[in-house]
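> Listed below, chain by chain, are the residues.
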Amino acid sequence: MMVGPRTLAGRLVLVVEDDYFQAAETCRACAVAGAEVLGPVGWLDEALTLAQGAEPIDGAILDINLHDQMVFPVADALHERGVPFVFVTGYDRAVIPSRFADVPQCEKPTEPGKVAQLLISQSW
Amino acid sequence: MREVGERVRSGIERARAEAARRESEERFRLIVESARDYAIFTLDETGRVTSWPPGAETVFGWTEAEMVGQSVDQTFVPEDVAAGAPEAERATAAREGVAPNVREHLRKDGARIFIDGSTRPLAAAKAGARGFIKIGQDVTERRRAEERLRTLIQGIPQLVWRSGRGGRWTWSSPQWQAFTGQTLEESLGLGWLNALHPDDRQAAHLAWVDTEGTEPLAMETRIRHRDVRSHRWFATRATPVRDAQGNIVEWLGTSTDVDDLRRMQARQDVMVAELQHRTRNLLGVVQSVAKQTLRTSDTLARFEAAFTDRLSALSRVQGLLSRSDHEPITMGTLIHSELDALGAAHMPDRVVVEGPEVRLRKGTVQTFALALHELATNARKYGALASASGRLRVTWHIVVEAGGRRLALEWREIGIDRAREAESPVTRIGGYGRDLIERALPYALRARTTYELGDTDLFCRIDLPLGEDSELKDHA
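Protein sequence lines, in the order shown, are assigned to chains A and B. According to our numbering, the stretch in the first sequence is residues 1 to 124, in order. According to our numbering, the stretch in the second sequence is residues 1 to 476, in order.
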């Protein structure tokens, strides 16, 4: 599935992913779609700081396991702000708390373009 | 005439009475003699045997000829004879009308048998000739069966108990008492509920109410252990015992310790989820390695060589990770694993590897190993190990900082050919290896790295956090 040209144009997307190369791929896909990237960050504390910070985040792509810590506090912070987001994970759906039942999930290995596409369908 | 008539009549009556008496005695004799499971015999006042019917012979083994006139003492075990039990029994029977005789006895063949019976005084047939009748049954087999059952019940690891309606216990096994610390009395009625975890008591009681019908009872509850004051999970099963009419007489129940099982099941669930996560993650890593290699390969042949090489490195580190529960991964293991794969083990004069035993966090191993692989493979193809004169020195030490302990690794190659080295995909800026060292390690492992290429040497320093102090200690 191809991402439409600049479908995320002008949007600020938070990328949370603990693997450098996968983060780089995701950032590239976001850039292709026209988004500006906040991050990427791979550690829970850093992600939480950004999610609770002053940046006007429009959407987020969240890897679930960050160096053996679960990303859910970040998801909660974003949810509170009304920021749409998607999960990227190697885990089964079962590990995701039920309060995030409506949040779309991309299973690893992912096609970064698809993740961006999913985020677009979530928000705009 | 009348007198004659009277006499005849009374003679006939006497004869009838006599016949009736004889018939009654005959009936009694038949009963006694056909009762082969029972030893029924008589003694005189001094304990000498006066009659010994076939039943007694069957039970004790001695014949009538062998026993009549002999002392009954020989049917008692020596310790009871020594304690005066035969006399005491007769005295009790004479005084009370009956003396229980429930004890071990001796058979002719010396075997011990268990008799359940009694001794009673005989009504005097003739004045002064009093004696006793002993009736007893050989219950040795039944007692052994009961003994075996008791041994079984008290020997099995399950906690066993008996219960009336509504979970009102009538008995608990020694195991129950040993595990919970309750006395038998404390466990009876609904007392056993007190040994359950407070949160499970109501459910356990309700389970009994619900099963009031007919079905076997099944539930899992936590039971408190007497010593550790902690609870363990038990699976409880109870089956009703019914009478001939099908009414429930009582319940027999067991509680089986399933705590380890539940723990293992929970652990297994976690492991399966973890395995799922790791596999998918690994595929993600393979995908990004493929993409990065593709970006930096100018021909398909070069892509194939580099990709295969990197997959092998990834595979080696999976091997180390899968054994890491038994063999912690140390800095030395990781370095040697990479150098050995390149055949550097055969160049001891040109390769020096030195550093303390430092255990690495599992989470850091994969990325770190891929970076070391890039350095090692680069040294082999373009650097110190590609020429005859080059030397490689890998050393590391621990640095203690305010933020915690860090591992500082130094990779130094001397005697390299810069022109050749410049072709290396590691050295090329934007190449996969250099990206890995200069960007991925800082990003993923919070490492600090430097990579410097001189005219004849190459220096790379990787400094990363070690985590908790326990890393250094060996597992017991």
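Source of the hints: derived by calculation from the structure; they are not laboratory data. A hint or two may mislead.
What the hints assert, rightly or not - Computed spacing ranges between beta-carbons, pair by pair:
| # | chain 1 | residue 1 | chain 2 | residue 2 | range |
| --- | --- | --- | --- | --- | --- |
| 1 | A | P97 | B | E146 | 50 to 60 Å |
| 2 | A | G10 | B | G404 | 35 to 45 Å |
| 3 | A | H79 | B | L300 | 44 to 54 Å |
Stated by the list, open to error - Partner residues are not named here, just some residues of chain B that face chain A (Cβ under 10 Å, in silico):
| # | residue |
| --- | --- |
| 4 | H277 |
| 5 | S288 |
| 6 | V352 |
| 7 | Y432 |
| 8 | R439 |
| 9 | A444 |
Note that the structure is predicted; figures quoted are calculated from it, not measured. Heads up, the beta-carbon is just placed ideally off N, CA and C, and yes, glycines get one too.
> Are R439 (chain B) and chain A close enough, Cβ to Cβ, to be under 10 Å, as the hint says?
Nearest chain A Cβ about 6 Å off; hint holds.
> Go through the hint on H277 (chain B) and say holds or violated, using the shortest Cβ distance to chain A against 10 Å.
holds (4 Å)
> Does V352 (chain B) hold up as a contact with chain A if the rule is Cβ-Cβ below 10 Å?
Hint violated; V352 (chain B) Cβ to chain A Cβ min 30 Å, cut 10 Å.
> Please check whether P97 (chain A) and E146 (chain B) have a Cβ separation lying inside 50 to 60 Å.
Once the Cβ atoms are compared, 57 Å apart, the range 50 to 60 Å for E146 (chain B) and P97 (chain A) holds.
> When the nearest CB of chain A is found for Y432 (chain B), is that gap smaller than 10 Å?
holds (9 Å)
> Does the Cβ pair H79 (chain A), L300 (chain B) satisfy 44 to 54 Å?
holds (46 Å)
> Return holds or violated for the Cβ distance of G10 (chain A) and G404 (chain B) against the range 35 to 45 Å.
holds (41 Å)
> Going by Cβ atoms only, is S288 (chain B) closer than 10 Å to chain A?
This hint holds: S288 (chain B) lies near chain A, its Cβ roughly 4 Å from the closest one there, short of 10 Å.
> Using the nearest Cβ pair, does A444 (chain B) come within less than 10 Å of chain A?
The hint holds - A444 (chain B) has a Cβ within 10 Å of chain A, the shortest such distance being about 5 Å.
The earlier numbered hint that this structure contradicts is number 6, and it is the only one.
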